[in-house]
Amino acid sequence: MTWSQMQPLLAQGTLDTLYMVLWSTVATVICGLPLGILLVLTDKGGLLQNTPVNKAVGAVVNIGRSLPFIILLIALIPFTTAVVGTFIGPTAMIVPLAVGATPFFARLVQTAVREVDHGLVEAVQSMGGSIPTIIRKVLLPQALPSIVAAVTTTVIVLVGYSAMAGAVGGEGLGSKAVTYGFQRFETEFMLVTVVILIALVTAVQLIGDGVVRLLARRGRTD
Amino acid sequence: MITTTGLTKVYQSRGRDISALDGVDLHVREGEVFGVIGRSGAGKSSLIRCVNLLERPTSGSVVVDGTDLTALAGRGHRAGRELRRARSRIGMVFQHFNLLSSRTVQDNVELPLEILGMSGAERSRRSLELLDLVGLADRARAYPAQLSGGQKQRVGIARALAGDPRVLLSDEATSALDPETTRSVLRLLRDLNRELGLTVLLITHEMDVVKTVCDSAALMHRGRIVESGTVSELLATPGSELARELFPVTGDASGPDRTVLDVTFHGDAATRPVISQLSRTYNIDISILGAAMDTVGGRQIGRMRIELPGDYEANVVPVGFLREQGLQVDVVDDDAPAAAPPRSDGTPGAALVKETVK
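Heads up: the sequence lines are chains A and B, in that order. Heads up: the first sequence at position 104 corresponds to 104 in this note's numbering, and the numbers run straight through without jumps. If you want this note's numbering, it's the position in the second sequence, counting the first as 1, plus 1000.
Hints are supplied without guarantee of correctness; some may be wrong.
[Said to hold, decoys possible] Straight-line alpha carbon distances no greater than 20 Å define the calculated EDC-like cross-link-like pairs of lysine to aspartate or glutamate that follow: (1) A/K44 x B/E1032; (2) A/K44 x B/D1017; (3) A/K55 x A/D43; (4) B/K1211 x B/D1017; (5) A/K55 x A/E122; (6) B/K1211 x B/E1233.
[Unchecked claim] Quick partial rundown of chain A residues pointing at chain B, CB under 8 Å, derived from the structure: (7) E122; (8) G128; (9) K137; (10) V138; (11) L144; (12) S146.
For the record, the hints were derived by calculation from the structure and aren't laboratory data. Quick caveat, the model's predicted, so the values are computed rather than measured. Quick reminder that beta carbons are idealized off the backbone N, C-alpha and C, glycines included.
This is chain B alone, in the form it adopts within the complex:
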């Protein structure tokens, strides 16, 4: 649904070139919720702005719903008619909502419809329908300043849906909201994704957002995508930083002469009671040091850190058993307990630091 190829964006600042995007290839499938996560300055914002060409990429192409937007862009700073037309089919929601304070809630939702040239009666019918969809039909005549943050973002979402888009871009839509409100807004996005078949591309610095709503995720670092895939693909990737961040497990060995294993559950193995089978088959006591599990599509996926008595040599057979069951098993080295080994490109292991809300 959204494909970017070799996207680069270079800014000029005081005569120096600053590269915000350095060859980004992104593929978002139709009907999925795709999350791009990364620290501030990683290029997420530039990426999402390049998707609807609010920012013009320096090179590379952006194809949304079969239309090559970069080809429509034309030359010069201004957006031509065709690009504007294409943009009206891509909804966008913003971190700071960007509602017009001089207009009522309903008039804010009508704005994109005015741009589309819809008649007055039709606009008001459609805008009330949209407000109903986001659960704010009773606040149609209020002004944005009279709403809470979560309500403002719902108005923002209603407005973004006005042009019947097939794609919704979300630029840190929940970053200015408290955790409770964040959950309700994410639930709304998820419902819209399911009910309207809306493809959602969201950028965030919060791992929880990815965990709550995303089917797929990509990790951005210094203008590049360093990891990308569906949540279970990421889990299946040995050494995946995203998987580790999505399903963090911690816990140190309770004493010497213990073997600590990280077991990753995905695919069929996740549906069987493997741990108790292991315990019964080899008659060993297993301690669970930490676990992060989730149910996605009726299947359990996630990671678990367990401890077996005896050193690694004594546990070769049980480890083999787990691998035979189709589980991914990593032996945790005592010297490097929770943190992962540093990546070759210099990304620190615990890469995703929570940003404070701007």
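Just chain A, same shape as in the assembly:
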């Protein structure tokens, strides 16, 4: 396989991967952020202490996290078909990717939000702040650097998941690597996809770290 033959395949694969990762990240953040906050609020000593809800959400999150992604991918086929109309292609893959990453992300958010000093919550309560105010003005802004770091980690996990999704009807670099690199014994092709994946992950990590540093600088002396 020549480089000119590889190029269009790799370009298409990269675009598909970026597409899947981008939208599944958006969906994961939309679902995982409230879940993570809910876990903190309903915890013992939390603002909305509610043990049954906390236990139930915690259990769902744990089950979601312990299922191997490849199994989740297959198990979700009926659900994906119901949502998207098909279970094949990059758009369909967004569903299992988001479902797989949400519990993981929710736990990271929980850890980040739990670290916020309770004194700050108390201060805002003493000003007459309501719970939505506390979430909006204290918990989220104070935990933002950690949440951004959590998003970075989640994007990287999703890059990995999306490659796996390639094996089960997805598109993207993973699928291309399986089809050409593995099934047609094109070792060079396989190597190049791996290099692209490494570059993607590195880029995501660097960008994420940069943003975290930018946000954290506010709190430091200059």
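Once you have looked at the hints, place chain B on chain A.
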């Protein structure tokens, strides 16, 4: 201004009940600085948190500025709209400042104004005004991490004043600060109290804080208030532990056959040169072993330990003279020199041990 009646707070810890407040009746008059002092674990923190209902008392009532907060509390864990409204009229400052590190100084002061729903332009005008009041107008754009401890607490005070409160609660506000900074923060509180007519309730474990700013004080021990009153009322109370701690005097007799007296000055007698009158009238030599005096409102108050020659029998007349002048005189027993007799409820005499900063 602040009245608590029969306040109790019971925590459940591993199936056991722990009583943090055991029937606290507190009365803080309008416009005064009231200090609650006690050791850690005495219940001070629970008390101040119960005043704005950050912690809900198990029983009893809290009335602040004519509003019964305990009645507003409603049921459940969450604070209803009315209670939140009432809280916004009570400022609070904290030991560890509790400023949001993600916001600038000015934005921190604007936070309570945002909660009150004030418009952007008005918020920034008001917040700069408040920062000016605490002497930090030039640091408006700094982040809390760039400030010293004293400056952070000034921001905390500016923030607490944002909602135009009539009451300020101070939870060990100076305990994380060095002595110099402590004095300047206390001076600020005192000025605000005078200029804005702000009623201040502060809790502390430092006697110096009470001495520097408080008009009245209460001593807490095991969830109860064991002594309470204005500084001169406390001085006038025989055997008052707070008075002894506020105006500590020490010193032992210089030899046998001496009479050691603790003389407490308060009220009118404090303005007259009683000691020199005593010396001249009875032609006796008086040694001053120790004294702790303060000028409050232009009057000298405090305590002095003096020594007269001869045993007590020989000094009955001079002691009588001092009492006639309206002074309170306690004869110090040689066997129990500086420390006071133990209290009946088991409080040790030297009750107020300095805590280290957490």
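To see whether the hints hold, each was checked on the structure:
| no. | hint | in the structure |
| --- | --- | --- |
| 1 | A/K44 x B/E1032 | 39 Å, violated |
| 2 | A/K44 x B/D1017 | 18 Å, holds |
| 3 | A/K55 x A/D43 | 9 Å, holds |
| 4 | B/K1211 x B/D1017 | 35 Å, violated |
| 5 | A/K55 x A/E122 | 25 Å, violated |
| 6 | B/K1211 x B/E1233 | 14 Å, holds |
| 7 | E122 | 6 Å, holds |
| 8 | G128 | 3 Å, holds |
| 9 | K137 | 6 Å, holds |
| 10 | V138 | 7 Å, holds |
| 11 | L144 | 7 Å, holds |
| 12 | S146 | 12 Å, violated |
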